[in-house]
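Model the full structure from these sequences, guided by the hints.
Chain residues, written in single-letter form:
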Amino acid sequence: MATTQRAGKKQRQTEQDGLTAVAEALGFDEETLRGLYRKMVLIRLFEDAAQRTFRQGKIGGYLHVYSGQEAVATGFLAAFQEGDRAITAYRDHAHALLLGSDPKAVMAELFGRGTGLVKGKGGSMHLFDVANGLWGGYGIVGGHIPLGVGMAYAERYWGSDAVVQLYLGDGAIHNAAYHEAANLAGLWGRDGLNPTLFILENNQYGMGTSVERATAMTDLAAKFDSYAIEHEKVDGMDLVAVLACAQRVTERVRETGKPYAVEALTYRLVAHGAGDFFEKYRTKEEVRTWRERDPIGLFEQKLLAAGVADEQGLGAIRDEAKQIVDEAVRFADESPEPPLEELHTDVYADAE
Amino acid sequence: MATEIKRPSTGAIQGAFHDGTTPRTGPDSIHPPLDHVDVGAGTISATVAPPSVGDEGLPHETLREMYRLVALARAVDERMWQVNRAGRAPFAVSGQGHEAAQIGAAFALDRSKDIVLPYYRDLALSLAFGLTASDLMMSVLAKAGDPASGARQMPAHYGSARLRIVTASSPVSTQLPHATGTAYAAKLRGTGQVSLACFGEGGSSKGDFHEACNFAGIHKLPVIFFCENNRYAISVPQNLQMAIDNVADRAAGYGFPGVVVDGTDLLAVHQVVKAAADRARRGEGPTLVEAKVYRFTPHTSDDDDRTYRSPEEVKAWRARDPLALFEARLREVGALDDETLTEIKGRIKSEVNEATEAAEQAPFPDPTTFDRHVYAER
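Those protein sequence lines, which keep their order, are chains A and B. Quick note: the first sequence, position 147, residue 131 per the working numbering, numbers continuous. Quick note: the second sequence, position 124, residue 868 per the working numbering, numbers continuous.
Hints may contain errors.
Claimed, not checked - Straight line, CA to CA, 30 angstroms or less: simulated DSS-like cross-link-like pairs of lysine-lysine:
#1 LYS887(B) / LYS1093(B)
#2 LYS964(B) / LYS264(A)
#3 LYS964(B) / LYS950(B)
#4 LYS950(B) / LYS931(B)
#5 LYS931(B) / LYS264(A)
#6 LYS1089(B) / LYS1018(B)
Stated by the list, open to error - Stretches of chain B that chain A covers, calculated by requiring three or more beta carbons in the stretch to come under 8 angstroms of a beta carbon on chain A:
#7 947 to 957
#8 995 to 1007
#9 1058 to 1065
Claimed, not checked - Here are some of the chain B residues that sit facing chain A, going by a computed Cβ distance under 10 angstroms:
#10 SER789
#11 ALA960
#12 GLY961
#13 ILE962
#14 HIS963
#15 ARG1026
#16 GLY1027
Since the hints were made in silico from the structure, they are not lab data. The beta-carbon is built from N, C-alpha and C at its ideal position, and this holds for glycine as well.
Structure (structure tokens):
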């Protein structure tokens, strides 16, 4: 929308100036930047390990990994403040790790062990960590969108200034639940009662269906016009761009109480899920070209160019992340199954 | 198994494209995500149809038939309320104020082959597609002769397989995915049929609307989504229902045109729906038409509209009664005079009286048949 474009023009110029300018604007020191790199690497190695152990038969059910999309959640959750809430669909491991869930507990959850984040009862798709602000983890496409919008309403109704980061995929936007929730968000937002930040992770495919086969109007951000919700796009492969955007729009939502939408253009470098063979619906060339813009590789390059890290330093961070992941796998492997008596707990609220 | 991490092989990374207007260019624009984006499509809002002029080139005989149906619909509608208030019908829900929009739309279709999916206000549309006053009175009085279901359906849930009127359901907007389905079938079978589905502005907030429109858009289906926007979803005014002004603006999100038209102007609606039907038959896909109308009655016989709108507002809209407007227009163009009008009105009066009489005399359904129309019968 025109007004947004005008207001954000100057800031966007800063965002385009690159890492140093953005870091300065956000008040991020070098250690913070290296920390963000550590987080993205941890996610990638965690997801690699999850895929490996899934193939070994150690993870039951289903598995959707985040490889390729790291810059999106890493960038947006860098703007997350205590009291904010995040809610997402089933590609949720990264969100848990970024919000501070113990990697050991997350891996144990994938393994279905009693030491898991939700006692081994949720699995990969249903991570939940309320203490850290993660409100799920949902398996039904689009099903979490009304919940997120409702949470945002509740926060303002109770008088808080929290923001709800609501992550959804490019496939979910065509779902009925999106339409109903976005309509209410736009409506309540007029009165400053809906601080929902819609983060549309457009990874180009709803499972095997490409965006242009899923809708006749492929400018997904512009679909928010139907609800009078302002929006923009961001390069979801570029952490620096996401960081700058996230900081700006999160503050905007916090101040106005109005919803806002960002379409992050990204790519899933791996299959949709463990049972998916992506060769059937995308070409090797396409995957290769997107790999050239691997978010971790892009950020490495920027860190090196700005002199924030050297090859040795990056190597040390990767080794450190690998140790954390190895430890998580070992922990999950050695953890006991949930005890049988847990079968009936956490189903209903406890009676007084 | 491990995902290989690559650094870009090319030089500096260009900035992001937040505003959605700057396509990526330069050496690093590898498979630019904006390639498939029709930039700006989302900013297209609905077009507003011009008011009609004169007789719009229609034969006067056709205009008189249109008028007869508007007037007949109004008369049947009023009779339904009378029998409800007299305690003989349990429920009435009607379309007074919507008639011109419905008749304008119906006459823009091929009534010998197209498919309509009405909602509960589409009394006039259903008459135009072949239901009779008698059928409608049977329905409201729950008599065995009700063609929709032999009195199983609620009143105003019009339907007839023979007449290609797809029966309505009480849940709001379920007819929209059905319309996308009938249009998809017509396309696959190559029948050349157009489907027209009606709904209110309240129904456009339902998820069914979203999924129906999106799918119809992708497959360029011959369907017209016809919104009869009467400004109130039961008691909820439009500004408490959605944050935008026009339902038709939502068409842009699905990649097809949206048109706003004055629903009290029968001939303007006719022009717009005709263009939409032609477009559909040419294989160019759906259109969302929003006819702005006003409902003169309460939502149903179980509603008291004085609790949410002022009598002055209703009165102001009644001054633009589409029946009176159309009558004035036809007099103006010389398609209607006192004599013809008296003749038409007399015919309608006896038709409605006979229909009421017949329905009141007709038997209720045989209780032993109560489980019919639940499953298909061999």
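Three residues minimum, CB to CB under 8 angstroms: does the region 1058 to 1065 of chain B make the cut for coverage by chain A? Let me know.
violated (count 0)
Does the alpha-carbon distance linking LYS950(B) and LYS931(B) stay inside the 30 angstroms limit?
25 angstroms, holds
So, ILE962(B) near chain A? Judge it on the closest CB pair being under 10 angstroms.
Cβ of ILE962(B) sits 5 angstroms from chain A, so the hint holds.
8 angstroms C-beta criterion, at least three residues: is the region 947 to 957 of chain B covered by chain A
holds (count 7)
Interface hint status, ALA960(B) versus chain A (Cβ within 10 angstroms):
Cβ of ALA960(B) sits 9 angstroms from chain A, so the hint holds.
Pairwise hint evaluation, LYS264(A) against LYS931(B), where the allowed Cα distance is 30 angstroms at most:
Roughly 28 angstroms between the alpha carbons, so the hint for LYS931(B) and LYS264(A) holds.
Restraint check for LYS1089(B) with LYS1018(B), where alpha carbons must lie at most 30 angstroms apart:
It holds: about 28 angstroms lies between the C-alpha atoms, which stays within 30 angstroms.
Agreement of LYS964(B) and LYS264(A) with the hint, judged by alpha carbon distance not exceeding 30 angstroms:
25 angstroms, holds
A closest beta-carbon separation below 10 angstroms is what the hint needs, so does GLY961(B) meet it against chain A?
Cβ of GLY961(B) sits 4 angstroms from chain A, so the hint holds.
Hey, does the ARG1026(B) contact hint survive, CB to chain A under 10 angstroms?
16 angstroms, violated
Would the stated hint for HIS963(B) survive a check requiring a Cβ distance to chain A of less than 10 angstroms?
9 angstroms, holds
Regarding the hint that SER789(B) lies at the interface with chain A, is the smallest CB-CB distance below 10 angstroms?
8 angstroms, holds
Of the numbered hints stated above, those contradicted by the structure are hints 9, 15, 16, listed in ascending order.
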